[in-house]
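Below are the chains, spelled out letter by letter.
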Amino acid sequence: NAGVTQTPKFRVLKTGQSMTLLCAQDMNHEYMYWYRQDPGMGLRLIHYSVGEGTTAKGEVPDGYNVSRLKKQNFLLGLESAAPSQTSVYFCASSYHPPDRGGNEQFFGPGTRLTVL
Amino acid sequence: EDQVTQSPEALRLQEGESSSLNCSYTVSGLRGLFWYRQDPGKGPEFLFTLYSAGEEKEKERLKATLTKKESFLHITAPKPEDSATYLCALSGGYNKLIFGAGTRLAVHP
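Line by line, the protein sequences give chains A and B. Our numbering puts the first residue of the first sequence at 4, with every later residue one more than the last. Our numbering puts the first residue of the second sequence at 1079, with every later residue one more than the last.
Honestly, the hints are just simulated from the structure, not real lab data. Hints may be right or wrong, so weigh each one.
[Claimed, not checked] No farther apart than 30 Å at their CA atoms in a straight line, the calculated lysine-lysine pairs in the DSBU-like style are these:
| no. | chain 1 | residue 1 | chain 2 | residue 2 |
| --- | --- | --- | --- | --- |
| 1 | B | Lys1120 | A | Lys12 |
| 2 | A | Lys60 | B | Lys1141 |
| 3 | B | Lys1174 | B | Lys1146 |
| 4 | B | Lys1157 | B | Lys1147 |
| 5 | A | Lys60 | B | Lys1147 |
| 6 | B | Lys1174 | B | Lys1141 |
| 7 | B | Lys1135 | B | Lys1120 |
| 8 | A | Lys60 | A | Lys17 |
| 9 | A | Lys73 | A | Lys12 |
| 10 | B | Lys1137 | B | Lys1174 |
| 11 | A | Lys12 | A | Lys74 |
| 12 | B | Lys1141 | B | Lys1120 |
| 13 | A | Lys60 | A | Lys74 |
| 14 | B | Lys1120 | B | Lys1157 |
| 15 | A | Lys60 | B | Lys1157 |
| 16 | B | Lys1120 | A | Lys74 |
| 17 | B | Lys1146 | A | Lys74 |
| 18 | B | Lys1157 | B | Lys1137 |
| 19 | B | Lys1174 | B | Lys1147 |
| 20 | B | Lys1174 | A | Lys60 |
| 21 | B | Lys1174 | A | Lys73 |
| 22 | B | Lys1120 | B | Lys1174 |
| 23 | B | Lys1135 | B | Lys1146 |
| 24 | B | Lys1141 | A | Lys17 |
| 25 | B | Lys1135 | B | Lys1157 |
| 26 | B | Lys1137 | B | Lys1147 |
| 27 | A | Lys12 | B | Lys1174 |
| 28 | B | Lys1135 | B | Lys1147 |
| 29 | A | Lys60 | A | Lys12 |
| 30 | B | Lys1137 | B | Lys1120 |
| 31 | B | Lys1141 | B | Lys1157 |
| 32 | B | Lys1135 | B | Lys1174 |
| 33 | B | Lys1120 | A | Lys73 |
[Stated by the list, open to error] Not the full set, but computed from the structure, chain A residues with beta-carbon under 10 Å of chain B:
| no. | residue |
| --- | --- |
| 34 | Gln40 |
| 35 | Leu48 |
| 36 | Val53 |
| 37 | Gly56 |
| 38 | Ala59 |
| 39 | Tyr67 |
| 40 | Gln108 |
Remember, it's a predicted structure, so these values are computed and weren't measured experimentally. Note that CB positions come from ideal geometry on N, CA and C, so glycine has one too.
Full structure from sequences and hints, please.
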């Protein structure tokens, strides 16, 4: 039982390049989330999914796209990377939404992205 | 607007020196108040969920409490292995958690 895994762990991009971050969970969770964490600002929600085939915008969605083609995977894409997207990205999953019991979110180890 | 503010930003304790971390919040309708622990270079790890004022939960040296305006994470007789960043988050509904910036705790022998 690996929990939540993220690939890659580190990445350096040049401005304008694109990339996809992969999140996988083996806990059969319905809900999946992508956050970014910046110094002094805490975790901010980028996009989330309430089930296979669904996605929704979070607090800071601009410049990112997501897809949830399979229940266990949640992909985060950057089409044209900008230096403002330099951050640590965390994926999380949960069985229930935050406002229901059993709503613990399990986090992956993170991806550290630098955009030059 | 739903908001979470944690204080202090950083806290240094001697081993065995008990203290408390604060999480102040404003929300139109609280659906849950969460505490997470985050070690350097790792993802946050769930500690507690509190749902209503007066509720308390304990785990080893940690105890979380909740009032209508704030939550406290009490650390009793801390050990160096308790050193981490502690994150507070609230759910006001709509499938979202709103996180505070965290308190960095350092416990020295």
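Verification of the supplied hints:
Between B:Lys1120 and A:Lys12, the direct Cα distance comes to roughly 11 Å. Compliance with the 30 Å bound is thereby established for this hinted pair. With a C-alpha separation of about 34 Å, the suggested pairing of A:Lys60 with B:Lys1141 is violated against the 30 Å cut-off. Taking the CA atoms of B:Lys1174 and B:Lys1146, the gap is near 20 Å; set against the 30 Å cutoff, the hint holds. With a CA separation close to 29 Å, the supplied pair B:Lys1157 and B:Lys1147 stays within the 30 Å bound.
Of the supplied pair hints, the one linking A:Lys60 and B:Lys1147 holds, its CA atoms being roughly 28 Å apart against a limit of 30 Å. For a cut-off of 30 Å, the pair hint linking B:Lys1174 to B:Lys1141 stands: about 24 Å separates their Cα positions. Taking the CA atoms of B:Lys1135 and B:Lys1120, the gap is about 24 Å. The hint holds against a cut of 30 Å. Simply put, A:Lys60 and A:Lys17 have alpha-carbon atoms about 25 Å apart, close enough for the 30 Å limit, and the pair holds.
The hinted pair formed by A:Lys73 and A:Lys12 meets the criterion: a straight-line CA distance of about 22 Å does not exceed 30 Å. At most 30 Å may separate the alpha-carbon atoms for a hinted pair to count; B:Lys1137 and B:Lys1174 meet this at roughly 25 Å. A hinted pair counts as satisfied when its Cα atoms are at most 30 Å apart, and A:Lys12 with A:Lys74 qualifies at roughly 22 Å. Using a Cα cut-off of 30 Å, the hinted pair B:Lys1141 and B:Lys1120 holds, with the two alpha carbons roughly 23 Å apart.
Between the alpha carbons of A:Lys60 and A:Lys74 the distance comes to roughly 18 Å, so the proposed pair stays at or under 30 Å and holds. Under the criterion of a C-alpha separation no larger than 30 Å, the hint pairing B:Lys1120 with B:Lys1157 is consistent with the structure, at around 20 Å. At roughly 40 Å between alpha-carbon atoms, A:Lys60 and B:Lys1157 are farther apart than 30 Å, so this suggested pair is violated. Of the supplied pair hints, the one linking B:Lys1120 and A:Lys74 holds, its CA atoms being roughly 24 Å apart against a limit of 30 Å.
In summary, the hint linking B:Lys1146 to A:Lys74 is not supported, as the alpha carbons are separated by about 37 Å, beyond the 30 Å threshold. In summary, the hint linking B:Lys1157 to B:Lys1137 is supported, as the alpha carbons are separated by about 14 Å, within the 30 Å threshold. Between the alpha carbons of B:Lys1174 and B:Lys1147 the distance comes to roughly 19 Å, so the proposed pair stays at or under 30 Å and holds. Taken as a hint, the B:Lys1174 and A:Lys60 pair is honoured in the structure, with Cα atoms around 10 Å apart against an allowance of 30 Å.
The suggested pairing of B:Lys1174 with A:Lys73 holds, with an alpha-carbon distance near 21 Å, which does not exceed 30 Å. Straight-line distance between C-alpha atoms of B:Lys1120 and B:Lys1174 comes to about 21 Å, which keeps the hinted pair within the 30 Å bound. Taking the CA atoms of B:Lys1135 and B:Lys1146, the gap is about 16 Å. The hint holds against a cut of 30 Å. Restraint check for B:Lys1141 and A:Lys17: the C-alpha separation of about 45 Å exceeds 30 Å, so the hint is violated.
Distance hint between B:Lys1135 and B:Lys1157 is fulfilled; the C-alpha atoms sit about 19 Å from each other, no more than 30 Å. Proximity of B:Lys1137 to B:Lys1147 is assessed by CA-CA distance (about 23 Å); at most 30 Å being required, the pair is judged to hold. The straight-line distance between the Cα atoms of A:Lys12 and B:Lys1174 is roughly 25 Å, inside the 30 Å bound, and the hint therefore holds. Among the hinted pairs, B:Lys1135 with B:Lys1147 is consistent with the structure: their alpha-carbon atoms are about 17 Å apart, no more than 30 Å.
Between A:Lys60 and A:Lys12, the direct Cα distance comes to roughly 24 Å. Compliance with the 30 Å bound is thereby established for this hinted pair. At roughly 21 Å between alpha-carbon atoms, B:Lys1137 and B:Lys1120 fall within 30 Å of each other, so this suggested pair holds. Proposed proximity of B:Lys1141 and B:Lys1157 is supported: the alpha carbons are some 15 Å apart, at most 30 Å. About 22 Å separates the Cα atoms of B:Lys1135 and B:Lys1174, which keeps this hinted pair within 30 Å; it holds.
Of the supplied pair hints, the one linking B:Lys1120 and A:Lys73 holds, its CA atoms being roughly 25 Å apart against a limit of 30 Å. A hinted interface residue such as A:Gln40 counts as satisfied when its beta carbon comes closer than 10 Å to some beta carbon of chain B; here the least separation is about 9 Å, so the hint holds. With its C-beta approaching chain B no nearer than about 6 Å, A:Leu48 sits inside the 10 Å limit, and its interface hint holds. With 10 Å as the threshold, the beta carbon of A:Val53 comes within range of chain B, its nearest partner Cβ sitting at about 6 Å, so the hint holds.
At its closest, the beta carbon of A:Gly56 sits 16 Å from a beta carbon of chain B; the interface hint therefore is violated under the 10 Å criterion. Because the closest C-beta pair between A:Ala59 and chain B is about 7 Å apart, less than 10 Å, the hint holds. Restraint check, A:Tyr67 versus chain B: the minimum CB separation of about 16 Å is more than 10 Å; hint violated. At its closest, the beta carbon of A:Gln108 sits 7 Å from a beta carbon of chain B; the interface hint therefore holds under the 10 Å criterion.
Hint compliance for this structure: hints 2, 15, 17, 24, 37 and 39 are broken, all remaining hints hold.
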